[in-house]
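Numbers in the numbering used here are just positions in the sequence shown, counted from 1, shifted up by 57.
Derived by calculation from the structure, the hints in this document are not laboratory data.
It should be emphasised that the depicted structure is a prediction, and the values quoted were computed from it without experimental measurement.
Fair warning: there could be bad hints in the mix.
Keeping only pairs whose Cα atoms sit at most 25 Å apart, straight-line, the calculated PhoX-like set for lysine-lysine is [to be verified]:
hint: 1; residue 1: K70; residue 2: K134
hint: 2; residue 1: K134; residue 2: K305
hint: 3; residue 1: K214; residue 2: K246
hint: 4; residue 1: K254; residue 2: K301
hint: 5; residue 1: K305; residue 2: K70
hint: 6; residue 1: K254; residue 2: K134
Label-pair ranges, simulated between beta-carbon atoms [said to hold, decoys possible]:
hint: 7; residue 1: E105; residue 2: N279; range: 26 to 36 Å
hint: 8; residue 1: P234; residue 2: H155; range: 43 to 53 Å
hint: 9; residue 1: L282; residue 2: S78; range: 48 to 58 Å
From the three backbone atoms N, C-alpha and C, an ideal C-beta is built for every residue, glycine too.
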Amino acid sequence: MDTNMINILWLAKSEYPSGSSLEPHSHNDYYQIYYVISGEGDFIAGEERVKLTQGMYLFTRPTDRHGIADTRDVDGKPLRMLEVKYAVFNNELKESLHHVPNVCIGSDNIEAMLNLVFNEGLEMSPWYREIGTHTLLATLYYIIRYQKMNVTMNEQKLMVSDQIKEYIKENHANEVPLDKVAQHVGHSKNYICKTFKDNTGMTINLFLNKVRIEQAAQLLINTNLDVSEISSNVGYNNVYHFIKTFKKIVGTSPGNFRKNELYGLSLASSQVSCIATIPLP
58 MDTNMINILW LAKSEYPSGS SLEPHSHNDY YQIYYVISGE GDFIAGEERV
108 KLTQGMYLFT RPTDRHGIAD TRDVDGKPLR MLEVKYAVFN NELKESLHHV
158 PNVCIGSDNI EAMLNLVFNE GLEMSPWYRE IGTHTLLATL YYIIRYQKMN
208 VTMNEQKLMV SDQIKEYIKE NHANEVPLDK VAQHVGHSKN YICKTFKDNT
258 GMTINLFLNK VRIEQAAQLL INTNLDVSEI SSNVGYNNVY HFIKTFKKIV
308 GTSPGNFRKN ELYGLSLASS QVSCIATIPL P
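Using the sequences provided together with the hints, build the complete structure.
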């Protein structure tokens, strides 16, 4: 494998607090990968706005317009990403990368290889640059092989996921067993669970909890109902489970959330913190 085909320019593990953004931009002469390892965000890809969740990545080529419109915590974790900037010198490889979609569903292999590239740059052990370059090149070929694994699902799967979302939004205050959801959309439990996870990056249960917590947040801000009443109103039978779930998704307790909102305190920083940045010579 010819290491002169690509050149790694920059590696990072970055963290974007909830509510952060990145101005849309493009690069003239290098490629970039943003691989989501936690949290979620609304990304700009060309003229489209798309949601990326854990295990998905944004793939950009030179001149591709990209950015981040908004970020959100998931399970109490902010948007964290593996980022790599690199130049490509081989025309055949460039042509193959031209067909990779901007938004893709990743895999354990891709994430593991990107982690290896990052760790080689971080530790700078003997032959780190050669190993990192070979690994990234293998990652790119793996991405090309599985370029069909992108976020765009066929119409049937999109319709099923949308039906699930609507059903949950309409019935979130009640019990929402998977049997009823499956019966509503006319598919098996296994099918709807896999389809929904593939299409949204989250489980049906997580989506249900997010809908309930979003409704609870509005009630905390706009009503004087106490926490136990709100818990019951949005579908939780146990107030302690509600508080635990709220804190896990929002990052703070319902009481603190209400206090911060009433006093106008910001819960998220607009600054982006970088966990580690490794420019390579």
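Tested hints:
1. K70 with K134: Status holds; Cα separation ~14 Å.
2. K134 with K305: holds, 8 Å
3. K214 with K246: holds, 14 Å
4. K254 with K301: Holds, at about 23 Å.
5. K305 with K70: With a Cα-Cα distance of about 23 Å, the restraint between K305 and K70 holds, given a limit of 25 Å.
6. K254 with K134: Between K254 and K134 the Cα gap is close to 19 Å, so the pair holds against 25 Å.
7. E105 with N279: 26 to 36 Å: Holds, since E105 and N279 (Cβ atoms, about 32 Å apart) stay within the stated range.
8. P234 with H155: 43 to 53 Å: holds, 46 Å
9. L282 with S78: 48 to 58 Å: violated, 33 Å
In this structure, only the earlier hint numbered 9 is contradicted, and the remaining ones agree with it.
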